[in-house]
Amino acid sequence: MLAIIGTVPDDSVPVLVGPADLDGDTIVVQGRRFAVNRGTPALLAAAIAAGRVLGQPPPIAYLVGDIGRGDGSRRLYAHLSDHIAGTDHEVLVFHYLQPDVDWHNRVLFAVEEMATRPILIADAGFMYVAKMSGQAEAYDLFTPDIGELSFLADEQAPHPFYTRGFILHMADRAPEMIAMAYRHQNAARHLLVKGRRDYVADATGIRVTIDAPDVPNLEPIGGTGDTVTGIAAALAHQGMPIAAAAEAAARINRMAGQAANPTPATQVTNIIARIGRAVERVLPAVV
Amino acid sequence: MTLLARLKKVFAPSATGPETAARMDRGFLVFENTSEVIQAENLLKAAGWPVQVMGPPPEIQRGCDLVIAFPLIERLNISRLLEASGFTPLETVPVTGPLLQPVDLFQTTDYGDWLMIRAANMKICIAKATRTIVNISGGGCPDVPYLAAMLVGKTLEEAPSPRALGHTLCGYALQLAYEELVRQCSPS
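Same order as they appear, the protein sequences are chains A and B. Residue numbering for the first sequence follows my numbering, starting at 1 and increasing by one per position. Residue numbering for the second sequence follows my numbering, starting at 1 and increasing by one per position.
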């Protein structure tokens, strides 16, 4: 089972655990509905859209309300540290959670107690805290954008907000930043770097570069990075090797984006609606 | 990595490894004098923040001989509370890098009818003709989707500033991008 863990921007939402459904432009978990704008609902929607074409059951969502105060995230961290060891999830995706090193380590210890180690994917705040904790190498896939790659490359930065200027100036030198991230043990086993060019990399260097179709208008659209991660998670859950799943996810997201003919004002729901068809085109042998 | 190996990695003594990692999500608030430190500590503890008064590291050259350690990620929220109470710190710095400064490099992308500014991990995009915020992307803290919901669809004149609603360093990065956007869109 694929499990996706994150937050929604409504601090009245308690910890919710259950299968996630995509109904039009909303995610439904335990009868609660959440708009798919960006963030974890967008990641969930993309994973569901890809998973439907692949014949997968709906992912299990672990959601909580948090608007940045961190209280909801801490409730979800506590739930995970108490319960995740007893689950049989095969892929865990950690997403928008308030970075907290102590809670991160408790959750990671609980994951280590699972009977079968799952594939671990981290993006957004949980990727930040995985690096901050010095435990990045425990993860199978990080999915940073260029700004976040700068943060991974800077061994001193506790958050992208403090990335040093000389590294920020390297934004067009992603291969060097990828090497720096691995040199300082601040990268997962695989990286999918999302940007004008997407890179799939590991400790040996860049394995694949994806730059087509070129859709520059995708970058400003909130949620397009989340959808890449969601697609990669669905493909990894399908059994594809991590690097192949990351590469295909990048191609599928670009193709879905191109089909939406976006402007910088387009909303991510228009792209998610085209993911299923893009999966069929990129992976005809799998669907 | 096995559980035992991970435990060793987390708890083994090291000058730059786990001990540093354990403090990486903390920041220091530096004040002019100890009276301000004590009052700020009381204020933050009363508000439920896990803060701790301690001696400053040698890199901090300003302020008194006490600092307050606090959850760095929630810098924006804590700064707002302190400033509203008249206790603006001299400096706010990461525990593991007191000399690190907030990002001051902005990337501007002109999409013709739209303009996007990136600061660190946050991006904000407006329609030039209407000055309407059309998208916010990037970031990883939970206030980013909240801020996007509050700002997208509003003009620069209508929208609250990220500083007013955000709580985290991602919110702070968005504030910097927003300020740069306002600066670039102001009549010269």
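Some hints here could point you the wrong way.
Taking CB as the label site, the calculated pair distances span [stated by the list, open to error]:
(1) E176(A) with T109(B): 14 to 24 Å
(2) R117(A) with R62(B): 44 to 54 Å
(3) D102(A) with D104(B): 28 to 38 Å
(4) Q107(B) with A273(A): 41 to 51 Å
In silico SDA-like links for lysine to any residue, alpha-carbon gap of 20 Å or less [to be verified]:
(5) K128(B) with A85(A)
(6) K128(B) with G112(B)
(7) K128(B) with T263(A)
(8) K128(B) with D23(A)
(9) K154(B) with Q267(A)
Everything labelled a hint here was simulated from the structure, so no lab data went into it. Bear in mind the structure is a predicted one, so any value in this text is a computation, not a measurement. Even for Gly, the Cβ is constructed at its ideal location relative to N, Cα and C.
Hint-by-hint comparison with the structure:
1. For E176(A) and T109(B), the Cβ-Cβ distance of about 22 Å falls inside the hinted range of 14 to 24 Å, so the restraint holds.
2. At about 48 Å, the beta-carbon gap between R117(A) and R62(B) stays in the expected band of 44 to 54 Å.
3. Between D102(A) and D104(B), the C-beta spacing of about 31 Å keeps the proposed range 28 to 38 Å intact.
4. Between Q107(B) and A273(A), the C-beta spacing of about 30 Å breaks the proposed range 41 to 51 Å.
5. Between K128(B) and A85(A) the alpha-carbon distance is near 51 Å, which puts this suggested pair outside the 20 Å criterion.
6. For a cut-off of 20 Å, the pair hint linking K128(B) to G112(B) stands: about 8 Å separates their Cα positions.
7. Of the pairs offered as hints, the one joining K128(B) and T263(A) holds, with about 13 Å between alpha carbons and a cut-off of 20 Å not exceeded.
8. A hinted pair counts as satisfied when its Cα atoms are at most 20 Å apart, and K128(B) with D23(A) does not qualify at roughly 34 Å.
9. For the hint linking K154(B) to Q267(A), the alpha-carbon distance of about 15 Å falls within 20 Å, and the restraint holds.
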